[in-house]
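Undergrad: Each chain, letter by letter, is given below.
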Amino acid sequence: MKFGIVILPGSNCDHDAWHVAKNVVSAEAELLWHKETDLKGADCVIIPGGFAYGDYLRAGALAKFAPIMEPIRRHAANGGLVFGICNGFQVLTEVGLLPGALMRNEHLRFLSRDVFLRTEETDTPFTSELQRGQILRVPIAHGEGNYYADDATLDELERNRQVIFRYCDGEGRMTSEANPNGSARNIAGICNASRNVLGMMPHPERCSEELLGNADGLGIFKSIVASLARV
Amino acid sequence: MQITPELIASHGITEDEYQRIEQILGRAPNYTELGIFSVMWSEHCSYKSSRVHLRNFPTSGPRVIQGPGENAGIIDIGDGWVAAFKMESHNHPSFIEPYQGAATGVGGILRDIFTMGARPIACLDSLRFGELDAPRMKYLVDGVVRGIAGYGNCIGIPTVGGETSFHSSYNGNILVNVFALGVTKKEKIFKGTASGVGNPVIYVGSKTGRDGIHGATMASAEFDEASEEKRPTVQVGDPFTEKLLLEACLEIMDTDAIVGIQDMGAAGLTSSSFEMAGRAGTGVKMNLDRVPMRESGMTPYEIMLSESQERMLIVAKRGREDEVVRVFEKWDLNAAVVGEVTDDGFVRLFWHGEQVAQIPVEPISTEAPVYQRPMAAPERKISDSLDRQRVDDADFTGTLLELAASPNLCSKHWIYEQYDTTVRTNTLAGPEQRDAAIVRVKGTGRALAITSDVNPVYCFLDPYEGGKQAVAEAARNVAVSGGRPVAITDCLNFGSPERPDIMWQFAECIRGISDACRALETPVVSGNVSFYNETEGRAVYPTPSIGMAGILEDETAGCPLHFDAANLDVIILGGSRDELGGSEWQQRFMPDAMAKPPRVDLEEERKLVELLLSLHQNRLLRSAHDLANGGLAIALAECAMKGFGVHLDLTNYSSGLDAIALLFGESQGRAIVACTNDRTDAVLARAASLGVAAQQIGKTTNASFLIERNGTPLVKTSTQELARVWRSAFALLLGGDSVEEVIRGVGEEAPEVMAH
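Listed in order, the protein sequences are those of chains S and L. So the number in my numbering is just where the residue sits in the first sequence, counting from 1, plus 89. So the number in my numbering is just where the residue sits in the second sequence, counting from 1, plus 1443.
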């Protein structure tokens, strides 16, 4: 199986995702240049964190015009896996592969620290190796992570069980104190209706090795590898 | 333009210096040439007042690959890998325009690292602000932090540590010092040389605009009430472009198409062209009309003096220029062949075919003015030790809480949580986890320990001891975190060199730094001098920031600074003396006192470093923390911030000291370590064999925090209470609370956006 990691101008977590794919879960990994239109046989496309196009205009707003986005849309439509992390999540909402939008953090400051996530659903290719309700400690590092959608969209996301991760406290309680950025209904990550596209603001690739003091994110990458092995 | 005495003076050139210029040229300079001399001979670029003193630094050692003189220093970190690092100031711009000043400070130092061929992997910031209630100060704190975050987070280099402190001497002149470190393979090091006659000179990166003209000259003068008018000399940063520039530079460096590269930092195209030709002993010819320009109507003078950001100058191999241009165009950056390397020893500048400047390269540096400025120690009375009323029956719990809530000692998470500390997935220890930050070097099994340190109050009271202390504390921070200290970079922030007392401070600090570097075998590999840090005649305290890098041969070595369990043995390493001069306690409770700061015994420091490394190597420790500002009580409180407390009995420890000196004195060469009971004998035995005083003085607890002496409690509180005060303080202080209100817990946090 192969990961394809997109390099948009301003991506800065591309090497980190590549490192986990290649060296931690020992999969094939290839970097995909934004001006190209070939996914090079990637089974799972990662749109990494960073500041694509400097986040100018609006995070992710310019990235949707990158030539690589068209084959990514087709890949997603054909059931291929697409995983947006942080800025990648913002890009996926702009591209229209995921509903809603990411607004500026409620307190208007960039925030970088560990948060707790509650795993809401495990019947996705990204969470199949996790337990429902499992609490993960994962770092966030963003200034625009405040998930917004109108109530109808949020209700639909809940009905279809598309909310995959929510911010919680260490005991799994969904409190407003545990919500670092003001996201609607403590939403940290969602998938699309067909469950093959995931976007999340926290960075599992930054906590996938014991050496870093935290390997809670590894389960997500292991899930992807296991899911693709089953195909 | 007519060269008049007024024009010369407005360029900061003295009459004497102007005579030299005429001698070098054999004629009067034209306007463009005058501008070039003025920036090349500015204090910022020429080091004319500091040079004679900087010669005293030890700069060589077995691990030094590149010492001072290049864009950054380089050390060998083993297995063919090297680390490039440097620290630089961006003080004046940050005081005028905090966001852009701090942001471009980050951008500038990062270019210094990747121009050497190294990929930057970590930054530290050493920030000095005035009192929080001084005019504009909260706005400056907010702007500087946002600026560092805005640039560093976007380019994707983690800010993993640093230090922030507050003192009235910075009310009119804050300090923003940024340290950056990068890694590469030894054979991939690049230098700023323009060698190979006929090789093309290529300009890459952002277009040149009118921003930052005379920035280096501004940084070489003190502030006055007209400084607000200097706002246009502050550059504007674009971290997105720098990210592209970083990747494009590293990509072209992976080929063998280029022979030299240098960033355009202070003095822009002027310093990059002269320095590259100077290092190679060549000349350079440039057609300035080919420089990509942001606006029309720019003159050669403006182009040479612009400090527009995110630009580099490259000398490529002849015939390979297209390859270079293609890589930069791939990254959507400007690239233009603007000239070539010559053999006549001149920088010659052309404008639409006509020569507009011709300056010999060598004399502009060899004939540059060098000043042996007069020095004199100030007349003042400083007592040997702090005279004080014995206050042993005082409320030390209250004292401890008050210090823990003070701006210098409280948690700085409000600051560092605005910085991306974990991008690049190398951060093994970020802010407030160990005394130094630890970043791994992927693929080597090794890690680097980095820290920045200086105590300006000590340096003010005794610049020689203060200089020593900055290096000693940096070494202690590296060693207590698991690394062997290897080398330093420095960022020397002082007032006007034209004042004898300031020059004395400078020379004494350098003497102290040099002695400590020799004793601890940590040579100086790079550095930066920032003079004229004063406003209306009031200088900042001498602030020689020391950035140190150390190596962990095993990336898993070292341990956190926090207690991580109850019932561990707590051991103090090193000896305590009656040393309260310059301490946080003295500054808070006896602010007008003047007493000597702690004395640094370099032999004791060296032994402590060896002991700590030996303890880490044998995995004997569960936690390790150096004793610094605030002394023993604050160090213990910091160890207890994760919830496990301490029960200490000091009855048999340094019984000759009174409780204040014992709890809050700042004697050097000390650390607090914790270990499981079965390791205690081994720790004490190793300390004895290396000649370091060591004594078990207590045990860790589940949550209580108790320090006793002779059967009576000196301090009695809980880790919960300590953590509440310590963690909440900074945001509350920014919101306008007093320390007392922080302790009572009644205040308002900092607003989301702070007004100017």
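Think of the hints as simulated: they come from the structure by calculation, not from any bench. One thing to keep in mind: the hints can contain errors.
Below, computed lysine-lysine pairings styled on DSS-like, alpha-carbon distance capped at 30 Å [unchecked claim]:
hint, chain 1, residue 1, chain 2, residue 2
1, S, Lys153, L, Lys1631
2, S, Lys111, L, Lys2142
3, L, Lys2085, L, Lys2142
Covered stretches of chain S (chain L as the covering partner; in silico rule of three or more C-beta atoms under 8 Å from a C-beta of chain L) [said to hold, decoys possible]:
hint, segment
4, 141-155
5, 215-226
6, 300-314
Some residues of chain L that are not near chain S, with every Cβ distance over 12 Å (derived) [unchecked claim]:
hint, residue
7, Ile1539
8, Arg1589
9, Glu1998
Where is the CB? At the ideal position from N, CA and C, for every residue including glycine.
Undergrad: Determine which of the earlier numbered hints do not hold for this structure and return their numbers in increasing order.
TA: Violated hints: 1, 2, 5, 8 and 9; rest satisfied.
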